[in-house]
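Engineer: Each chain, letter by letter, is given below.
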Amino acid sequence: MLRNYIKIALRNLSRHKAYSVINVLGLAIGIASCLLLYIVVRYENSYDTFQPNYSRIMHVVTADKFPDGMVYNSGVPFPMADALRADYPSIKTGAIFASPGSQVTVLNSNKNDNKFIERNGLFYCEPQFFEVFQYNFLAGNAKVLAEPNTVLLSKDMAVKYFGDWKTAIGRLLRIDNALTLKVSAIIDNVPGHSDFPLKIVGSFAAMKTAAATYGYEPTWFGMTSNYQVFMLLPPGITQAAIETQLKQSNVKFYGAHAYTKRTHLLQPLSDIHFDTDFSNFGDHITSKSKLLTLTLIGVLIIVMACINFVNLSTAKAVTRSREVGVRKVLGSSRKQLFWQMMGETALMVFIATALALLIAALALPYIKNIMTIQETLSILRTDILLFVLAGIIVVTFLSGIYPSLILSGFTPALALKNKITSATVGGISLRRGLVITQFAISQVLIIGTIVAVSQMDFISKADLGFNKDAVLVLNANTDSAAISRQAAFKQRLLQLPGVQSVTFSSDVPQSDNDWQTNFSYDHRPDEKYSIDLKFADPDYFKTFGLRFLAGRPFALADTINEVVVNQTLLAKLHVAKPADAIGKQIRIGTAPWKNIVGVVQDFKTNSLRESVKPVFISTRKKYYSVTSVKLHSANVLQAPQAIQAEWNKFFPEYANTASFLDKSIENYYQQEGQLSLVYKIFAALAIFISCLGLYGLVSFMAVQKTKEVGIRKVLGAGVGHIIYLFSKEFTLLILAAFIVAAPVAYFLMHNWLENFVFRIDIGAGVFAAAILTSVIIAWLTVGFKAVKAAYVNPVKSLKSE
Amino acid sequence: MIKITALEKFYRTEEVETIALNKLSIEVKEGEFVAIMGPSGCGKSTLLNILGLLDDPDGGSYLFNGTEVAHFNERKRADLRKHNIGFVFQSFNLIDELTVFENVELPLIYTGVPSSERVSRVEKVLDKMQIMHRRNHYPQQLSGGQQQRVAVARAVVNNPKLILADEPTGNLDSSNGNEVMELLTDLNEQGTTIIMVTHSEHDARYSHRIIRLLDGQTVVENIMI
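Sequence order for the protein chains is A and D.
When you line the first sequence up against my numbering, it's residues 1 to 801, in that order.
When you line the second sequence up against my numbering, it's residues 802 to 1026, in that order.
Incorrect hints may appear among the rest.
Claimed, not checked - Cross-link-like lysine-lysine pairs, in silico, DSSO-like; alpha carbons within 27 Å at most: (1) Lys335(A) x Lys368(A); (2) Lys830(D) x Lys335(A); (3) Lys417(A) x Lys877(D); (4) Lys335(A) x Lys962(D); (5) Lys7(A) x Lys962(D); (6) Lys824(D) x Lys417(A); (7) Lys417(A) x Lys962(D).
To be verified - To be clear about the criterion: a stretch of chain D counts as covered by chain A if any three or more of its residues have a C-beta under 8 Å from a C-beta of chain A, and this derived list gives those stretches: (8) 891-900; (9) 986-996.
What the hints contain is simulated information worked out from the structure, not anything from laboratory work.
Ideal Cβ positions, reconstructed from N, Cα and C, are used throughout, including at glycine.
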């Protein structure tokens, strides 16, 4: 019996090739999309789950309450780890300090290129950190970090620096030209799905000896997100219990001068990869809503593929009515027929799945690239294969049950006489409903895509209030020796062809740095919000094209002397005219009062997700770690080499890190860019799947309407009439789908745009474009078949009945 | 073997109710060969469908071998059908995706005959219908007469007690038609009861008895000698 079913299923597949291709391809694309999204979502959810104590590791974080909302920080003050160990001796607590962008110099290297800038992965850790987090040691152990001048390396880093990790032990590395550390242990490479990409881990004790380089100040009144503390809660001790006790410890930590608005909370390790309130040491945070969006897209696409299948199978059921009739006459029960049809569905789903696995395997490298997944992904994993198996079952049932019930339910007397027509099969309204659902889904995706793409476009073209083009940015540390060479370096750069201006500063105008402090204006008490600090030489304004609303740039000085502020600060201070601020005094922290000499038009200080912050710009040479070089646009290709050559001459101990500012700004929106790309890809797939389905349906419609078309033509209908006959219904269905899709899409995308302070409005144009796109696509799909049907000789079409 | 009493069947559309069978009573004994004749729309096919348990009557009684089957559910009807009744249609109704052999094998599959036995039984009946040499062909590759021989082979492979034939020669030329009628006569002589709907007086002459229907009622019964 089973053999008979498989045989007839296979013969059916090969006899109705177009139908089979449409059905299998639609399902395969749907399953492949779903599978790829599953792989991505699963990967994102797997971050750090390999830690044996995953569920018990807690990150101690800081929350400060300000009048305009909470400010969260992943870091804590430096004394925190010791204080926690004193208060909770039974809880394992360890600290880690990240030093992104540090320079590693391999000492006694025979290679010329012995300096490396490590964008991430360089940390200083207490040995206790390794009691909380577990890593596999290939040589040595975490105890070496108790000594002051030791460093441990990941296997890959050891190979990168020394060629072979086995010979690395005992070798010396110089970090940031400040510390010389001996390699004392090797750990296995940390998997890519970790927000703790430990590659070079120096001893925390060593970092303390270079306090100036790393801004280490063991007081309760400074804080950096680079210093983080983790606790391993013993079983039975809850997060809430520790948080309550931390609240009570506030006065002890901060004394009489207590930051009453500050609380320290615990963030579970399982939240670190998803919580956008806090930063992490990894290369990205994936919000749960993004994962939800991806999951939803996956579900929608598979639903669309199933709808296709149901629509096509029920439409095709008509042509199989005779077979069903014969089988019933010969004694088949409804149940046997039902399972025969289900079996055929399963076979198709199975073939589609095999194809989907192939598609997914081919697409995986691209997906990895789009989603910045660093780890090798493979389809041949137990959980993925289980997912596929579950998928086969679910899709078979979703797609198969309805057509199988319909087919097996045919009355044999009618079925044998070919009296079953599409009008009597399963109700046209259900099939219409399914087509509407399908179009609604693709329209939601189309609208989503248009909005996401427009927003990304808006951001990339947004007026940032400063000039980001053709500015080359070089980073170095702020050691006094390097700073003393800056003036000569600048003179030399200005002599190079193509260099327009050069400025040294603590930061570029827009970055994710957040150096803030309390301040007061015009001898008033401290304001209740903080101000962003940027230190620079006077050429900063010229180099970045900042526009003055009043006053002038400050004069050259080595320390804070004159001050320039931005428009937002004046708005917050309720100063009506920029000119009114000129000559007023401002003070940061407890420093002396200084004169405001200029007010610049607002420029975007952070990502466009955030609003512009009040900014204080002044001179202070010791913080100038960034060199920005404005180039003539004609020289952007050649000038960087010359600049690099000069850099190597002036700062031989520093690696060259030149990068163009516009590129780094693009990186702030990587997440949004990825999401908009994902929208584009999957919207295109969804549209393709619905087109396939539509094409299939119209094909059947054409067969069934053969007689009608013939009669109409005999009665004088032209080609136009016939095409109208075919397109009318689908156009109406698309309009109905639009009524469903528009509000849903508006709601979803409106929420997404809330992530941006600077955003586009969702105008009527977006909706018009969406409906126009779907109508045009549907017409093109339907048109081909309709024209073909319209041109058939009526004599032929009438005879065929 | 078959006894129907006051059998009724109506077809309803929104406004019109058509009476297909109007309190029809017929009895067919085991081993009989009965022809049913009448003009188009007189209820011949409806009657055959009900006798073959492909359709429900709206009223009356249908005794099959003494059992009331008029209101059997779908499962019971399928069961009774596959063990007792073979069908031959005007348009053959072979499954295009299956070969001659597989088409004939189908009823045996549904009655759960083991594979080895199926092969010998199908071969035997194909041999008898002189269509053995076409066993691996598909229906489209056969002539009408050959297709109907396959259909007859399929109808008898299960050794049914009753064969219902709906204009079995309607799509055939006269020589092929005669061959099929000879086949049916042979089967009848071997003990199979046959009820055949036909428009052809010629074919009807092969039967023992002709029942003529008009507007869903028996108008006359001719006993053939």
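Engineer: Now, for every hint given, state plainly whether the structure supports it.
Structural biologist: Quick rundown of the hints versus the structure:
1. Straight-line distance between C-alpha atoms of Lys335(A) and Lys368(A) comes to about 46 Å, which puts the hinted pair past the 27 Å bound.
2. Distance hint between Lys830(D) and Lys335(A) is unfulfilled; the C-alpha atoms sit about 33 Å from each other, more than 27 Å.
3. Straight-line distance between C-alpha atoms of Lys417(A) and Lys877(D) comes to about 23 Å, which keeps the hinted pair within the 27 Å bound.
4. Note on Lys335(A) and Lys962(D): the hinted pairing holds, with a Cα-Cα distance of about 25 Å set against a maximum of 27 Å.
5. Simply put, Lys7(A) and Lys962(D) have alpha-carbon atoms about 30 Å apart, too far for the 27 Å limit, and the pair is violated.
6. For the hint linking Lys824(D) to Lys417(A), the alpha-carbon distance of about 25 Å falls within 27 Å, and the restraint holds.
7. Taken as a hint, the Lys417(A) and Lys962(D) pair is honoured in the structure, with Cα atoms around 25 Å apart against an allowance of 27 Å.
8. Judged by the Cβ-Cβ criterion of 8 Å, the stretch 891-900 of chain D is covered by chain A as claimed, because 6 of its residues qualify and three suffice.
9. Counting residues of the stretch 986-996 of chain D whose CB falls under 8 Å from any CB of chain A gives 0; the rule of at least 3 is not met.
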